[in-house]
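Q: The residues making up each chain are set out below.
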Amino acid sequence: MTSLQTRSLVLRALRAAPTSSGSSYRHTSPLPSLKTRRFPSNRSHSTSSVSADEVSHFSKLASSWWDPMGPSRILHLMNPLRHEFIASCLADSAPAGSPVPQSSNSATAANLDYLDIGCGGGIFAESLARTIPLDRAASAPTPTRAASMTAIDPTTTLIQIARDHGRMDPTVEAHMRSGRFQYLNTTLEDVLAGSTPASAPASAPASASASSSSPTGHQQFDMVTLFEVIEHIDPTTTTPQAFLANCLRALKPGGWLIGSTISRTFPSWILNQVIAEAPWPIGVVPRGTHEWSKFVNPDELHSWAQEGLMRAADTNVTRAGPAALDGWKIVPGSEDWGNYFWAVKKGI
Amino acid sequence: MPTSNTMRSISRAALRPYVCTSCRHGIGATRRRFGTNSSQTPEIYDVVCVGGGPAGLGLLAALRASPVTSKLKVALVESQDLRKARGWNLDSTQFSNRVSSLTPSTVEFLRKINAWEHLDVDRVQEYQDMQVWDGETGSRISFDWSTETSPFEDMRTVATMTENANLVRGLLSRIEASGDENLTLFSNTTVASIENGSDLQNEGPDLSAWPIISVAPTAPGAQAQSPTRIAARLLVGADGINSPVRSFADISTQGWDYNRHGIVATLALGDPDKPSFPANMRTAYQRFLPALGGPIALLPLPNNHATLVWSTTPENAAYLKSLSTPAFLAMVNAAFRLSMTDLTYMMGMDRTSDQFSHEDELIWRLQHTPQQSQIPPSAIGVQEGTVASFPLRFRHASQYISPRVALVGDAAHVIHPLAGQGLNLGMADVAALSRTIEYAVSHGMDIGDLLTLERYSSERYLPNAKIGGACDLLHKMYTIPGQGPITWARSLGLDVIDRLPFVKSFLMKNAEGY
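Protein chains in written order, with numbering that gives the first Met the number 0: chain A, 0 to 347; chain B, 0 to 513.
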């Protein structure tokens, strides 16, 4: 089911091509990078490992981020599938989540804390925040069961756009006001270091208290999402293994790390590089959005995740034992065409 | 759904100008200066539906019926008295003249949202056979399922006739059964204005791209009351051909008037010449009358009644309405039986003459006219006060959606009634829109967002255009009198369709709405 939809999304991208003025498939700026080239829109992080080129590329796309017919249209169309994939992971095996009030059922309670890494303009983060029930005791309206959402991105303009857009929906605005939904202009490293930036809205009491802490004191989450991020990592300054290790550190035992990316296959090269980035009217993503060499194949991802988890375990940052990958989930078939979803469950 | 005239008077100022994203901040600031204070913060609804006809009520009933959307905060604004519609009641021998033919897929939708059981089913009439023929050439097509179904199977229904009032009452009763939590029905209320909201800055959300509807009671004496302001995540225009919601969204329509009127009436029928077989089978009849400007149709109602829909020129319509009851009945019976020449003559008879009555004229002329095998039973009575007429028009909105706005039913499209599809297209819109909203809610999408609404629009725009266009084409083909090539092609057309079972079954399935 989901794999068929992923396929049809790819085909839809092709069909959409003649009418779309073209652009971004991808958004986000990943985390680690030691480059410190100055970009006016980019916060300078002392430990930043964010690829400056990527940040620059996505800053240019910022103003059209929420335009349904704009360069990010493909991302918008893909977004509902992310919800479906998360729901399918939770149907397989759900983390315990925060304790629920006695009146509600733990299987349907909205008690999962989410961290969205590389949230960009907030397409996924805002959509998930919309599903957080206003009444905390109410059962979850969707199978994604969100109780809170923390969304981070190192690109300042994108975080500003995300916040402004969130204010245009009263439900989302209410969650931002209460702190159950927050956008942080920060990096994963800062979150792990426990230093929340000054720009964080009203210190987010609900989310902070809802998330349990790791032995070293940083926040941990039931669900960590990483949509269209790791293919934008700069391989000259960081490694996917190190990056995934950090993602797993942010995860509570039993939690899911869920992502999507593009595989490095021949059809995906044709689709994503030749067709999608072709000049208007063929192309649907702006030129320079993707580098095929950064695309990730599923087997690589699986081994990176395992290695990442080992590293996370080596440093004693998590309580997880070695090789504690509980689940490995991927939508079969879709990876040959390019975009695919994957998920890793951290052992308890 | 008819729209009250008071709803048209929305000033152009309420129309939303297009504002590019980068300019929005400046506008918000200006608004704030002149804008409302926070005590006037509008109440926020997920769905505000303007128009309480079958489409608007159908949407509400569908949203309330789905577990995914039943918690949405919804409001309905209707200028008529909904309590009166809810309390509608007629004797079992009386029928309203506003009757619609529901395709099986519309009935299926109504069953799915548990609304069908709220209709008075003794007042609805299914029919299994449809006789359509050309009054000029005599070529005919018979729509029945006998070639499609085995003799052991129940006969399949072509369509189900129901009074609109029965449907509206049933939908209201269904909505009532869903409880009143998160539901507001603004009855006897018109839309005074629709404008964009404002950015509440530190006080609350940015509503500058949200439609704010000011609603005011229509009741006399209540005018002094200040209007209630409500904000809509999704504003649905189910408000008819002159849709104020459509004007607010600045969506244009294309279309034309057919220069035809539809005459409707509730008729009592005599016993058929030969009993129908099987006994419970009912038939609808439609005869194209090129010389008189359109088809006449007789659609069955319970207890041997029928509803008449006769599309003709405004002059003929005025003439027919001015006739005495016996003369009117004679014209109806003549229209199914006599030649174009006879009919044209009778349509010009001096209605004040004592010497020559329409009844005598019909009897005399029938003796000289060979009769087709399938003609409806004679109409023997007209229910008092049911003869009425309405202008026939074609309209199609250039689009069904704009940010936080969706149009359904007559607000989006008005078509020629010759195939009885108008209300069905509206209900199909509502079914699609409620599915779209359901999908959006379960996937964290904003139900007023264009990305959400385009699913609805892409599902409905082309089917509506196709069926509206087909009805238009049929109308145009069958209003050309005489023996020219069109007429010849026409007779070939219906005959060929009747002889090729698979083409016919395709057409029937289309007419059914599959």
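Any given hint could turn out to be false.
Beta-carbon label-pair distances, calculated as ranges [claimed, not checked]:
id, chain 1, residue 1, chain 2, residue 2, range
1, A, Ala-95, B, Glu-107, 39 to 47 Å
2, B, Gly-137, A, Pro-67, 49 to 57 Å
3, A, Arg-176, B, Arg-110, 37 to 45 Å
4, B, Thr-343, A, Asp-66, 39 to 47 Å
5, A, Gly-193, B, Glu-107, 56 to 64 Å
6, A, Asp-66, B, Asp-90, 19 to 27 Å
7, B, Ser-397, A, Ser-62, 49 to 57 Å
8, B, Val-120, A, Pro-67, 42 to 50 Å
9, B, Ser-91, A, Ala-173, 49 to 57 Å
Here are some chain B residues pointing at chain A (derived, C-beta under 8 Å) [unchecked claim]:
id, residue
10, Pro-41
11, Glu-42
12, Gly-203
13, Pro-204
14, Asp-205
15, Ile-240
16, Asn-241
17, Pro-376
18, Ser-441
19, Met-444
20, Leu-449
21, Leu-450
In case anyone wonders, no lab produced these hints; they're calculated from the structure. Virtual Cβ for every residue (Gly too), placed ideally from N, Cα, C.
Q: Please verify that hint: Asp-205(B), Cβ, nearest Cβ of chain A, below 8 Å or not.
A: Interface hint status for Asp-205(B): holds (4 Å vs cutoff 8 Å).
Q: Could you check the hint for me, namely that Ser-91(B) and Ala-173(A) are 49 to 57 Å apart, CB to CB?
A: holds, 53 Å
Q: Given a hint of 19 to 27 Å, does the C-beta separation of Asp-66(A) and Asp-90(B) actually sit inside it?
A: Given a distance of about 58 Å, which is not inside 19 to 27 Å, the answer is violated.
Q: If I claimed the Cβ atoms of Gly-137(B) and Pro-67(A) lie 49 to 57 Å apart, would that claim hold in this structure?
A: With Cβ atoms ~54 Å apart, the hint holds.
Q: Hold the hint about Asn-241(B) up to the distance rule: shortest CB distance to chain A must be less than 8 Å.
A: With a minimum Cβ separation of about 29 Å from chain A (threshold 8 Å), the hint on Asn-241(B) is violated.
Q: So does Thr-343(B) sit 39 to 47 Å from Asp-66(A), Cβ to Cβ?
A: Violated, since Thr-343(B) and Asp-66(A) (Cβ atoms, about 60 Å apart) do not stay within the stated range.
Q: Can Glu-42(B) be said to touch chain A, with a Cβ gap under 8 Å?
A: violated, 11 Å
Q: Checking hints one by one. Is Pro-41(B) an interface residue toward chain A, by the C-beta closer than 8 Å rule?
A: violated, 10 Å
Q: The hint names Leu-449(B) as touching chain A; please verify it with the least Cβ-Cβ distance against 8 Å.
A: holds, 4 Å
Q: Report holds or violated for the interface hint on Met-444(B), using the least CB-CB distance to chain A and a cut-off of 8 Å.
A: holds, 6 Å
Q: Please check whether Ala-95(A) and Glu-107(B) have a Cβ separation lying inside 39 to 47 Å.
A: holds, 43 Å
Q: Mind checking the hinted window 42 to 50 Å against the Cβ distance between Val-120(B) and Pro-67(A)?
A: With a Cβ separation near 44 Å, Val-120(B) and Pro-67(A) satisfy 42 to 50 Å, so the hint holds.
The earlier numbered hints that this structure contradicts are 4, 6, 7, 10, 11, 15, 16 and 17.
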